[in-house]
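> Chains E and H supply the protein sequences, listed in that same order. Each residue of the first sequence is one higher than the one before, counting from 58 in the numbering used here. Each residue of the second sequence is one higher than the one before, counting from -4 in the numbering used here.
There could be a bad hint or two in this list.
What the hints assert, rightly or not - Dumping the calculated SDA-like pairs for lysine to any residue here, alpha-carbon to alpha-carbon at most 20 Å:
| hint | chain 1 | residue 1 | chain 2 | residue 2 |
| --- | --- | --- | --- | --- |
| 1 | E | K114 | H | Y92 |
| 2 | H | K17 | H | G36 |
| 3 | H | K66 | H | G91 |
| 4 | H | K32 | H | D44 |
| 5 | H | K37 | E | P96 |
| 6 | H | K37 | E | T168 |
| 7 | H | K32 | E | T168 |
| 8 | E | K128 | H | T94 |
| 9 | H | K99 | E | T62 |
| 10 | H | K17 | H | V49 |
| 11 | H | K99 | E | Q68 |
| 12 | H | K17 | E | G99 |
Treat the hints as calculated values from the structure; they're not laboratory data.
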Amino acid sequence: NAGVTQTPKFQVLKTGQSMTLQCAQDMNHNSMYWYRQDPGMGLRLIYYSASEGTTDKGEVPNGYNVSRLNKREFSLRLESAAPSQTSVYFCASKTGTSAGELFFGEGSRLTVL
Amino acid sequence: GENVEQHPSTLSVQEGDSAVIKCTYSDSASNYFPWYKQELGKGPQLIIDIRSNVGEKKDQRIAVTLNKTAKHFSLHITETQPEDSAVYFCAPTYSGYSTLTFGKGTMLLVSP
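Chain H with its partners taken away, still in its complex shape (with noise of 0.2 Å):
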């Protein structure tokens, strides 16, 4: 199966500050790269994904960009704010399966 890890944890960013998690996988089949935001209390919600075939894509502060090589992709959010606090997970599989396996989470925290 995946065995997927995110770096780092935690994060603690001053608002207006860029903030980057990353996250690396094992399995070489995996083509689907989604990343969800967890705000307190609520479920997971997709904020942004890519597929295998595009190194980056963007949604307005929001980004994502994959390195197939290494096997590893990221979540790049600029200019943060105080309500991109919530905890992020990233969940690489291929697009032939039924099930995601996620990271543990990284807290991202704003400070005003």
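The following block holds chain E by itself, in its conformation from the complex (with noise of 0.2 Å):
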């Protein structure tokens, strides 16, 4: 079982650089996150998607753009890069819109120099 698969796991950005972030789920879930992570902040919506075709600015938006490719990937995209968006980043999928269990990725660790 697959489940929530994010591409590349560790980037390297120079600042201005641009890059996408690729999260796929195999669950047929219909929605789908991207969080941040950073030390002492715990994890921080960025957008999310509550089912194909919609996207949502969650708690810390600025600075990113989403795509809901499909129902099964959702991509998370730097246009230009800065040193305060280094951090680590998840993408995690549940089956509902409604309160229950998210699945996450294993993230994707980004540096932005």
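Given two chains presented individually in distinct reference frames, assemble the corresponding complex, making use of the accompanying hints.
So this is what it looks like as structure tokens:
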């Protein structure tokens, strides 16, 4: 069972460069999420997609864009990376729009120099 | 939005001891109370959850207790083992919401 798969696992960028983090789930889940994790800050929601065709901002959306490509895939794009975006990024999914278990990927560690 | 606080932020115990982590929340509408465990280098994973119509739930060495009046719930781990060492997150929410707000996490270290 693959679950939630994120690529790449590690990436180093220079300030101003762009990149896309990819996420795919094989559990037929409707809702998908992008979180960032920083020391002492817990998990903060960047964007989410409650269902295919919709996306909404979370707590910290500035500097990011997302695309829900289809039911399986939800990508996160940094158009012009900044050092403040150095973080570990987690993609997650769950079956419905109401409260329930979130399934997380293994994370993508991004460093912006 | 939900204001979530976890205490303590770090907890060190000896193997075999019990550990308790407390989560307080602000939204009185919250009715779903999960705990997630994050091992080093991995994503968080749900370990136990409780809904507001239940005061306590147990799963082997893990239990969650809920005090809705005081707006807090706690994770109890008995007979701790080194493999319990991880960061634990609470994420109280209302069942009709699409998103979870996580606490800042508690790092549990179990020494052999």
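> Does each hint hold? Answer for all of them.
Comparing the hints with the structure gives:
no.	hint	in the structure
1	K114(E) - Y92(H)	14 Å, holds
2	K17(H) - G36(H)	24 Å, violated
3	K66(H) - G91(H)	18 Å, holds
4	K32(H) - D44(H)	12 Å, holds
5	K37(H) - P96(E)	15 Å, holds
6	K37(H) - T168(E)	18 Å, holds
7	K32(H) - T168(E)	25 Å, violated
8	K128(E) - T94(H)	18 Å, holds
9	K99(H) - T62(E)	24 Å, violated
10	K17(H) - V49(H)	17 Å, holds
11	K99(H) - Q68(E)	25 Å, violated
12	K17(H) - G99(E)	15 Å, holds
Hint check: violations occur at hints 2, 7, 9, 11; the rest are consistent with the structure.
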